[in-house]
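Participant: Protein chains in written order, with my numbering: chain A, 1081 to 1407; chain X, 245 to 921.
Misleading hints may appear alongside valid ones.
[Claimed, not checked] Here are the simulated DSS-like cross-link-like pairs (lysine-lysine), alpha carbons at most 25 angstroms apart as the crow flies: (1) 1181(A) to 877(X); (2) 412(X) to 591(X); (3) 877(X) to 907(X); (4) 250(X) to 907(X); (5) 737(X) to 591(X); (6) 877(X) to 1161(A); (7) 877(X) to 834(X); (8) 412(X) to 834(X); (9) 1398(A) to 774(X).
[Claimed, not checked] Partner residues aside, some chain A positions facing chain X, computed with beta carbon under 8 angstroms: (10) 1151; (11) 1313; (12) 1314.
[What the hints assert, rightly or not] Derived list of chain X stretches under chain A, where covered just means 3 residues or more per stretch with a C-beta under 8 angstroms from a C-beta of chain A: (13) 618-626; (14) 874-883.
If you are wondering where the hints come from, they were derived from the structure by calculation, not from laboratory data.
Each residue gets a CB set at the ideal place from its N, CA and C atoms; glycine is no exception.
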Amino acid sequence: MVDVEKLREIAREVVSREDVRQLIGYRQGTYGFRARPAFITSPEEVDQLIFSPACVNNLATYLTLEERLPVPRGQEPDLRKVAVMVKGCDSRALVQQMEEKAYERDRIVVLGIPCTGVVDMDKVEKRFPNVLSRGEIALEGDKFVLSFDGKREEVPKEELLADKCKRCRYPTPLVYDQLLDEEVSRFADDDYADVLALEKRSAEEKWAYWEEKFSRCIRCYSCRNVCPMCYCEDCVLDRLNPQWMRRSVDISETTAYHIARAYHLAGRCIQCGECQRVCPVEIPLMELNRKFYKDVEELYDYEPGTDAEAPPLLATFKVDDREDFIL
Amino acid sequence: MNGKPKIGVYVCHCGTNIAGVVNVEEVVQFASTLPDVVVARNYSYMCSDPGQALITDDIQNYGLNRVVVASCSPRMHEPTFRKTLLSGGLNPYFLEMANIREQCSWVHEDPIAATEKAKRIVEAAVVKARRLEALDVKEVDVEPACLIIGAGIAGIQAALDIADAGFKVYLVEKSPTVGGHMAQLDKTFPTLDCSACILTPKMVDVANHSNIELMTYSQVEEISGYIGNFQVKVRKKSRFVDMEKCTGCGACAEVCRMAGRIPNEFDEGIGMRGAIYLPFPQAVPAKYTIDKENCLFLSKGKCGESPKCKEACQAEAINFDLQDEIVEFKVGTIIVATGYDVFDARKKPEYAYGVYDNVLTALEFERLVNASGPTGGKIVMLERGKKKKKKEGEEVEPPKVPKSITFIQCVGSRDKSVGNEYCSRVCCMYTAKLAHLAKDKIPDCEVTIFYMDVRAFGKGFEEFYDRVRREGVRYIRGNPSEIFKRGDKLVVKAEDTLTATPLEHETDMVVLSVGLVPRSDNREIIDLLKLSQSSDLFYLEAHPKLRPVDTASDGVFLAGVCQGPKDIPDAVAQAKGAASAAMIPMASGKVKVEAQTSVVNEATCRGCGFCVAVCPFTAIELVEVNRNGWPVKVARVNEALCKGCGACAAACLSGSIQQRSFKDIQILPQIQALGVK
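Here chain X stands alone, though its shape is the one from the complex (with noise of 0.2 angstroms):
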């Protein structure tokens, strides 16, 4: 835009939010004195239709062409006033917001001090104006396809949505099989239904569908591009079983030479597996696969004469000659379903996790009381880490059945101590679930919860936890501060802090509810995809209420437990979220890149690469250049990649790497005008 810049300032009430402490009328009319300002003006609330027709109306009739809003951070409307200057006619890149609100009048109680607070940043808003340039949104194309990385509900929920509205899905999963934690569930809170039934069905869907490709026993090891264009490298770790031919028969796990001797992870190492091995029966895709930590052949070089899984498998299907394989596609948008871990109890000592055999987790009694689980549904005592040696014609005594068992709530939930302040939001409803299924295995049973609130908020929860009370359940409230041994029990010692009553509680066995944390690997996908994470370590939303699934990185979204603890309707509620924010660009196939990129001064770089280093989207490299006959390195952007973070502007030593709409010539009169006059 040429010619003299002619600025329309435009002063917020934002109700009260603005106008109970600063005096707008005041700073409208000081901004009317300021240079190339033509008219000043405030209104209750500027993002209204009224509000936004005051500056299209202006531009025509005053000409306008710089805008000045005078209002809240530029966070939320930002895109809102550049779309009214688009609709005006303007390149939308010519406002200026300068923030009132969270930089004045929430911070500030005296009216006389905010307002000429007000008045500075408004002129350095002006100031800053007048030295805008109009920017070209470009476009790029979006490939329709889209990687999900984690195949718990989350992520097979997402990816059938996808799938089903006709876009291409890429499934990668760490583990061998879907289904993730919800697969290790017996009955969900607090409707009762079986996990497995309402899950299984799903987890055959993602590996039948048409649309969608599923990777398991897989790992995304590169990530690189931008919305529309990701390139991704995928390893599919060899299970050294041909997919092909196996057909899942499990002819070779009885006879596998360590079978019964490898903790099995899906049963949280209660129960035991072989180094091959199918880590449930349902599970997908139903195919063995060879561990090879564990498997004599593949980490000592023997397995007796000869692998016994390899004469046992008719369809020929194992071959430890199999190598990992690398895949690579293109998809346009990344949705990231990684979920949880559960809390390390042995963090919390006291509760002698690791040392007394029937003290559990949750997720363990979990798998005690699941059908499919090692005791086929059986709750018992725990006899952990001894091998059962069976002398010929010697009656193996049953295991003894739990006459008592306590539950501890909030285990590495609400706990400073261990760095958890947050809610698990699903230990309550699933203590109450599994003190009901004990109830109801072991009809005389004592069963008590040690609890420091019950939160019972979501649809039929506190029904629930009510009928769970009327089964005889004991709910003491107060959190226990040790367990220990005496005799054959164990006794909890806590304070009934209802009664103010020390206790020693006799029982049988400890269920530990522990709560969800980050997984131990989430760097992994950070480093991948360049996330944030929240205080409590999960990934960090765009928005907390308004962008809940989206990320600071265009094209990448969150759903399930990686962003932060939720139960199986919430998570699966986030995925279908997640599955209709990311096909928005893929349905629309483009989508416009940021316009305020950085932009080298190829004359003055120096090559000396501290901006590639330090840009997070991979955006700068280091080409040749022809400067006066002398072949120099310098940098150079690709405009597409850039998200405008400025880090490589702070970073240049001369000065010569400059982000659009925040360059030195914009920025420093601004701080002048802020400064002391």
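Next up, chain A with everything else stripped away, as it sits in the complex (with noise of 0.2 angstroms):
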């Protein structure tokens, strides 16, 4: 676990540097067991960081979707450094930004967290619904101790931790500048139960299967919007010259939508989760991600945002790259 005053104490001192514009971290949230972003600019306001296993969100994502407003005449952009707060999963967002030339490395302070595995917020809901107070997780052993109310409640760790989680390859960050605690090593890996379980259904059953799914979207565009892989300055998504798809929620500019989606995530989906998490009509996405991420992994020993060094998948090509695939 993250020692917190340890924390407080290298946020301090990265926020004091004169190099350094804000902090992107995690602060309490506003009720329940919640953790939401918390954006440093000040050393005042290091007291409010935090790290525990309620701290989902992968805070990759404002690296890149920061407005960067127009500077006004005589005046010059700010182009001071950014840290960031990255579990294992979320660093290999940096790590995929890195490789499609988002930023340079030297743009951003990352502060690492060797992570031990974080909560699915459903799953704790549904265990301890309507929690209104602030409460708190914290991992002791294979046990999540939930203290709320002045009540404490074990569960052991495997009921509330999230899939992702499960199946972590890369507990420990890929990229940091400080290590904020002892390596993680490997606890899981991935199997792939859930996409082998996929493939094994008929075009039809998979169809059906998905046009449900679909078919409850409401065009809210989260999981477009929470995305770190999701940054295009002009989404074609947007565009109405031409217009790609039409913005009605129907089944067919839907389904539509998600594929376009997906494959514009093929060879980059670093397994974050987020759209999954922030879909608030529960869509199984990541299983369409997972599926291209496994594709990707058999067909070109390729797994996104691990090496920042390594082309982009989908920028290279191999003559011995495989084939046979394509009807």
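Could you use the hints to bring the two separately framed chains together as a complex?
Facilitator: Following this line, the structure appears as structure tokens:
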């Protein structure tokens, strides 16, 4: 577990640096067990920072999401560095963003958190519904300890752990300037059981499955907005000339949207699972992304977000690339 | 072009190619109802003069500003009709072709359905034509110089032709001498003229020609740029012999401690050389080379007390400190003449090549019959790999002469099992020639040839084949299944398929007529020049019939066997073709560059560099621009380099790079017109 005092001490040092504009970390949410992003610009704010298994958000998103307002005439753009706290999975988003030249390595300061797993907030809320006062979650051995309303509840880790953590290959960040704790060695591997189950279904079954899922979509675009890999300044979905897909919420357009997004993430998705986490209508988007992830790994021996020096998969060509799957 | 589109639609019959299946009248009727179509016609051959005149007349009479030709694939006739538009006073990029031949009439039988499909294709073309933009055709200057890679007979011939025409030639050869495979041959079929006698004068000419800069023992390392302006970087490998000082006397080779211990590549490993060597006596340039892998001094740092070669060289040409030299120059055109490898006979283990000493490849046998070869032209039984220990006074037994020689044709050609389906085109005739030479040198030798078919298609070939058979060479039709040893004889097991008789043929020597295969280092040139390969892995020409020496890359041409197996006359003819093709842009001094290039929307580009990585022509780079006061990287296209392949447009996630004439706003309506109504 990350020592919060040590975290705040390091954060204070980083935020005080002249070449750092802000630090993106976690703070306690407004109610329940939730944590939320914190944007720290001065040393005084540092005491807000926390880290716990409730810190589910992938903060790498904010590095590319930040709007760059026009710089007023006569002023210089603020090009100071941004510091960011990342877990193992989140760090892969940084690696992939750098692989795609979203920014240079020297533009960011990375505080790496060796991660022993975060909770799935849906599971927590199902177990402890309607907790409105602020509660805390900590990991003690193989149990999550939840403290709220003066109570203390212990739950086996397995029961509340997020699914993505159960197959996490990279618990320790792959990129960092400072590591906030001892390295965590790999405690799980990915057997793709969910993808294999999906692959076994017939085309008709798959279609029926996804038709039901996509028919729920309300096109809120949360999945796109939260995704650390979706950061085009001008998304093709928003364009009107030509209009690739209509905005109307019907099954044809919505299916096109999700398929297009999955394709745009092929060879790029780093499996942080944020899209599925934020989906208000519970579409299992990671099943689509993970199918691509598995294919990319099997066909090209490539894992996105693991090597910032490697060229992006879909921008490379080797003569011996497999092509037997092409119709 | 401003104002409302006025479109003319021209439906071609292509004789009966299209009109035999598609009801062209009905397509014309339909086209005339489409929005902005002012005139629609059909004609038997739109590409003919009167066909083109229809278009130019209508441009005049109807004020057309867009033209749709519904005919064949744009590959052949798009340039034709663009010229038609130009002569009619329109920008040539206001042409759209609808392919109703390859994509319709040729692949469909049902006239009604085919006609319906043709209408859709025409409608899609009309819809796109309405959105076409005028494009500028830019011209660039052409450097009057040519790079030729490979100095075999094809490269030599092309170099001489271009140099004689007054252009500069840079001739780069990987090995220490020019001449290539032809220099290894003894006689040439079917005329039996001596290969060296006709080749060596040309070898000397390329070395002496004032317009040719010959770079042997050199390799092209980098090529960038485009037709007219290629930047070339060549590594001249160090020979450790000063080319200026070496007189080619050979005193060094005689004293080399490794002399006679290294298989000589030029002799296919039958003859031996030292670490300092001249591949063969007529080598050009006649300068010695030190092979640094085998030189004791260069590889081990020690050669006895001191290197003997250095002591022996009176010209003081040997210098172990010489380094590789990098030379850079600019050329307008490039000819690739890199030749071939012979098939590796070890891939046919049933023929036991590499197992039995006297199973040879034809090229090894060629060195054996060659007067300048390691045996002085005597055909003798080989004892490979054995060191001859000479004891004082002991008489060395003279090598045995084979009493029976057997040739096996099609080794590595026409053979799916080794992945080579093609015919190598030279083996039938060189086998006949070698059989003739064997008979000539050892008259009582029994010469047998196992063959599948004899392909004697060239000028004088059939006559030569006939002559060889009359000389007593025995042809047996059958593909041997195995070679094994019985006593001191080799046994070829086969079936005479003409009489359906299984047979075991005893012989002293087997010669495998190995086919021609793409060079094992083919990839180097592919990577340098982005060449394509045909299914046989030889380099692909731009069109199998009408552009046989061109490649898909403008300004890059092919000559010789690197494009596909061919004999000497064909290689020379192709070299002359490539030379004249390369001289066209150099003589005119200017070339037009692709107008349908990519264009970047710098406002939306996020600078990820995917396009940079996928561009096969290195035409895109990332540059820093100011966006609302922020420094950002965006892609920028060098239009002279861009060939309009569209790879970047496909790779761009934000749709910020688009290809002119194939922009989303042009293509999407086109796709929509083809789709479900």
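Participant: Next step is simple, just say for each hint if it's right about the structure.
Facilitator: Status of the hints after comparison with the structure:
About 9 angstroms separates the Cα atoms of residue 1181(A) and residue 877(X), which keeps this hinted pair within 25 angstroms; it holds. Restraint check: the Cα-Cα separation between residue 412(X) and residue 591(X) comes to about 43 angstroms, which exceeds 25 angstroms; the hinted pair is violated. The hinted pair formed by residue 877(X) and residue 907(X) meets the criterion: a straight-line CA distance of about 23 angstroms does not exceed 25 angstroms. Only pairs whose Cα atoms come within 25 angstroms are accepted, and residue 250(X) paired with residue 907(X) is accepted, the gap being roughly 21 angstroms.
Between residue 737(X) and residue 591(X) the CA atoms are separated by roughly 18 angstroms; this keeps the pair inside 25 angstroms, and the hint holds. With a C-alpha separation of about 17 angstroms, the suggested pair residue 877(X) and residue 1161(A) falls inside the 25 angstroms cut-off, and the hint holds. A distance of roughly 34 angstroms separates the Cα atoms of residue 877(X) and residue 834(X); the hinted pair therefore is violated under the 25 angstroms criterion. Taking the CA atoms of residue 412(X) and residue 834(X), the gap is near 17 angstroms; set against the 25 angstroms cutoff, the hint holds.
With a C-alpha separation of about 13 angstroms, the suggested pairing of residue 1398(A) with residue 774(X) holds against the 25 angstroms cut-off. The beta carbon of residue 1151(A) comes within 3 angstroms of a beta carbon in chain X, closer than 8 angstroms, and the hint placing it at the interface holds. With a cut of 8 angstroms, the hint placing residue 1313(A) at the interface with chain X holds, because the nearest CB-to-CB distance is about 6 angstroms. Interface restraint check: residue 1314(A) against chain X, minimum CB-CB distance 4 angstroms, threshold 8 angstroms, status holds.
Chain A is given as covering the region 618-626 of chain X, and this is violated because 0 residues of the stretch bring a CB closer than 8 angstroms to a CB of that chain, at least three being needed. Judged by the Cβ-Cβ criterion of 8 angstroms, the region 874-883 of chain X is covered by chain A as claimed, because 3 of its residues qualify and three suffice.
Hint violations for this structure: numbers 2, 7, 13, all remaining hints satisfied.
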